[in-house]
Amino acid sequence: MTVAIIDYGSGNLRSAAKAFERAAGETAHVPDVRVTNDADFVAKAERIVLPGVGAFADCKRGLAAVDGMIEALNEAVVDRGRPFLGICVGMQLMAARGLEFETVEGLGWIPGDVVEIKPDDPTLKIPHMGWNTIDEARPHPLLEGIDTGPQGLHAYFVHSYQLVASNPAHVIATTDYGGAVTAIVGRDNMVGTQFHPEKSQTLGLEFIANFLNWAP
Amino acid sequence: VTLKARIIPCLDVKDGRVVKGVNFVDLVDAGDPVEAAKAYDAAGADELCFLDITASHEGRDTIFDVVRRTAEACFMPVTVGGGVRTVEDIRKLLIAGADKVSINTAAVKNPDFVREAAEKFGSQCIVVSIDAKQVSKPGEPERFEIFTHGGRNATGIDAVEFAKKVVERGAGELLVTSMDRDGTKAGYNIALTRAIADAVHVPVIASGGVGNLDHMVEGVRDGHATAVLAASIFHFGTHTVREAKTHMAAAGIPMRLDG
Chain A
106 MTVAIIDYGS GNLRSAAKAF ERAAGETAHV PDVRVTNDAD FVAKAERIVL
156 PGVGAFADCK RGLAAVDGMI EALNEAVVDR GRPFLGICVG MQLMAARGLE
206 FETVEGLGWI PGDVVEIKPD DPTLKIPHMG WNTIDEARPH PLLEGIDTGP
256 QGLHAYFVHS YQLVASNPAH VIATTDYGGA VTAIVGRDNM VGTQFHPEKS
306 QTLGLEFIAN FLNWAP
Chain B
20 VTLKARIIPC LDVKDGRVVK GVNFVDLVDA GDPVEAAKAY DAAGADELCF
70 LDITASHEGR DTIFDVVRRT AEACFMPVTV GGGVRTVEDI RKLLIAGADK
120 VSINTAAVKN PDFVREAAEK FGSQCIVVSI DAKQVSKPGE PERFEIFTHG
170 GRNATGIDAV EFAKKVVERG AGELLVTSMD RDGTKAGYNI ALTRAIADAV
220 HVPVIASGGV GNLDHMVEGV RDGHATAVLA ASIFHFGTHT VREAKTHMAA
270 AGIPMRLDG
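The listed protein sequences derive, respectively, from chains A and B.
With our numbering as the guide, the letters of the first sequence map in order to residues 106 to 321.
With our numbering as the guide, the letters of the second sequence map in order to residues 20 to 278.
These aren't lab readings, by the way, just hints derived from the structure by calculation.
Only a predicted model underlies this, so the values are computations on that prediction, with no experimental measurement involved.
A couple of the hints might just be wrong.
Stated by the list, open to error - Across the chosen pairs, the derived CB separations fall in these ranges: (1) A/A169 with B/A74: 38 to 46 Å; (2) A/A170 with B/D233: 51 to 59 Å; (3) B/A218 with A/T107: 44 to 52 Å; (4) B/R171 with A/I175: 48 to 56 Å.
Unchecked claim - The calculated lysine to aspartate or glutamate pairs, modelled on DMTMM-like cross-linking and capped at a C-alpha distance of 25 Å, are: (5) A/K123 with B/D60; (6) B/K156 with B/E237; (7) B/K111 with B/D51; (8) B/K139 with A/D218; (9) A/K123 with B/E262; (10) B/K57 with A/E221; (11) B/K57 with A/D252; (12) A/K123 with B/D108; (13) B/K184 with A/E221; (14) A/K223 with A/E205.
What the hints assert, rightly or not - Simulated coverage check for chain B against chain A, where a stretch passes if three residues somewhere in it have a Cβ under 8 Å from a Cβ of chain A: (15) 21 to 27; (16) 94 to 107; (17) 114 to 126; (18) 142 to 149; (19) 208 to 222.
C-beta: ideal position from N, C-alpha, C; glycine also.
Same shape as in the complex, but just chain B (with noise of 0.2 Å):
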């Protein structure tokens, strides 16, 4: 097999604007989500998450310009999630430039919203982003729950059983965050994302937690993802993708040197 494992930073948008911040020398401008996709395409990742995390309904628009500018200087695969409920929205992000669209909330109220959007779309584009806790006590069989609102709201609902639920229904993979790690530092929740991956035949992305370059290795070697997003380690400067790319590589997994 020589298929690579992929590293996919993620940029927080808000109303056009990176959020969190991005710390990389010589951006004209560190705040444009556009030059902050440039440097990531110039230092090797393999694709490109953006999570537009705008409230109001006005300033939706700008994620559209931020997703065309950077169709025209990336040739990699964008991702773009937060928000999107409706196959309106699905549209207008494919033909703004967007490779795939990832679904949250709209995807844990209807899970046919999947099947409408896999069906109009393809599955290739369709990714469903699954925000769990832990929520089994030590020693107990292991639970995951399906938590929305960035993990203050219980949904009652098994993690596993809906990420079989959405995949049958047409998901083409899945974006897998540990809500109790996230912010962290402290690794992927392994347990997490192995359950989830062991269950689905789709790719798994991990998410959410790392703190360093191992994690990263974890959640292919022993999270069995086929993809690791990361952000805050890329955007302050704690390390390159392409330092990732030669850890993940050295460690056994099969990692794209070349871009």
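Next comes chain A alone, as it looks inside the complex (with noise of 0.2 Å):
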């Protein structure tokens, strides 16, 4: 299984690629798990992700930047249906709109805008850093067999902005944080995290292993 992890300048690609290989373990499948910059291997790839730290515009001029690589996107994600998982600034481009900063479009996948978390409880902290538990909105199969809830597993979140869907029905999870915060946005065959579970022990590679093996 040819899984493109895209590297468009941003972040931390090799832990992301290594717990992909970790999780594929897990599954049936072989891997073969490149961190890539190229738009052809991307729109042939049957597994996709897009990975993302920091700032929702540098992502997406980093992304434009790459030469025919949100055409590939758009072509094996929106056109082919190819499984698609965006992780954390990833996630937030699935977005119509990020306002970070600036207001910038995004890839126009999941209707809604990435604003600033505003927790009610004015002594928390921003970032939200650390590991948090994640509530079900409704069932989703990257989330089988994962324990979710308040007593259930912990993801590793860090992020200031949060996508907000219009439609409620893209949001998979959400997370407390002074508040309900998105978690996991998705719809057919693409789905986005705000936390990283690529850093969430347990949590991460039991969901990488379920994206690995989602037929959707």
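From these two lone chains plus the hints, build me the complex, please.
Structure follows, in structure tokens:
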């Protein structure tokens, strides 16, 4: 199975690749995990992962600067229905718009805006950084077998902005940080996590294994 | 709120080897930072910190190999500090597999370096490490000063003002070490930790002086830190990470117990 982890100059891609290789060991798949900036490879890949750390506008510019990559993403994910996972800012880029520093268009796959987190408790620190549980808003194959809810497994978050989806049906899970914060969005063959599955130990590796086994 | 307080074991690494020793049973090579990292990963550590104290320029590359091998085996956040002076240093550490870097002396010398780093890589991976001592006498209004070179050199810079300044420039987290407590086992300097935590909106990690598990509780409950860093209490097997978590949870601090 070819897994393309898109390299557009953002963040720590090595640990993402290693986590996918490790999780694939729990599945029947023989993984061919590649960190790549080759749009042709992405267009043909069987699984596509868009990571991302930093600011929305920077990441969008970085992605747009890779020749043919946005077109390849639309072709593979929207037209051909290849399973897609966005992580952190990679998830936020699925939104219509990002409002961090300046208003910038996203990929437009999930209608909604990426806005600052405003916890109702002003003593809560920003970024929302650390381990938190997630609450399922609706069942999803990627959460199969994973303990969610307040007594469930933890995911590692680090972010100051969140994707607020216009259509509540696109919210798969939330986390609680002085109010509900979007943790997972998705529709059809695409899903995005605000947390870092590649840094989330048990929950993360199970989630990635589910993604590799997913047949949307 | 279900965000959990974090426990961060810190390993001092020199020329690619653990110094101050790690006294775990069952480690094939206790001097290998990666073996220690794996043991902490299995023990439920919430994050891991490597402090590179390599003095020589030639030895510097050893940390990249340590980070690379750790990223292959441990799926939790890793912070690397020590000798981070340029944007290129940060880039190399992130590419090797670090999630965050901590900047110390370079931020004291030039706070604008923090802005440059945050703009380039995002605030989420820029930790500023603040080494401070309490310089006020008993009875005087509390005052804390930044020290460099392992606490030997006073700078005259007020620690709380400096904390605000680096956060303004994009630091995403502060690692606050009380140099007057480091190595004493007398507990974190709670007044210092709280003064900084209450002055900034970013998370603060308490460090320096942990001698028992109650000190960790105090760091969060009284010092308002959201994470606690410790070295020898774990390295020498005095306590396990799991014991620390259970103890803190029993004291009413939300902890991640599934790790």
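Exercise. Does the structure break any of the earlier hints, and which numbers would those be?
Worked result: 9, 10
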